[in-house]
Amino acid sequence: AGIANYCYELTKLFNQFYHDYSILSADTDAEKAFRLKLAANVGKTLRNGMGLLGIEVPERM
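Residue numbering for the sequence shown follows the working numbering, starting at 481 and increasing by one per position.
Derived from the structure by calculation, the hints contain no laboratory data.
Please note that a few of the clues may not be correct.
Below, in silico cross-link-like pairs of lysine-lysine (PhoX-like), each with a Cα-Cα straight-line distance of 20 angstroms or less [claimed, not checked]: (1) Lys492 - Lys517; (2) Lys524 - Lys512; (3) Lys492 - Lys524.
Modelling step: build the complete structure from the supplied sequences, incorporating the hints.
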């Protein structure tokens, strides 16, 4: 249950971040690069967590 809860909480937190801070309309290139890297790393973490749970994750949504 620990991994599932972690993935769920990470998803909720990232969803709120994505809602509050637009990636494409960031004020600077550095901000945009940071947000894109954060999104990529959250996705990687969720794919790994779901993989540990035996759940396949679509490549794109």
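Satisfaction of hint between Lys512 and Lys524, Cα-Cα up to 20 angstroms:
Within the cut-off at roughly 18 angstroms; holds.
Pairwise hint evaluation, Lys517 against Lys492, where the allowed Cα distance is 20 angstroms at most
holds (18 angstroms)
Is the hinted pair Lys492 and Lys524 satisfied, with a Cα-Cα distance of at most 20 angstroms?
holds (15 angstroms)
Hint compliance for this structure: every hint is met.
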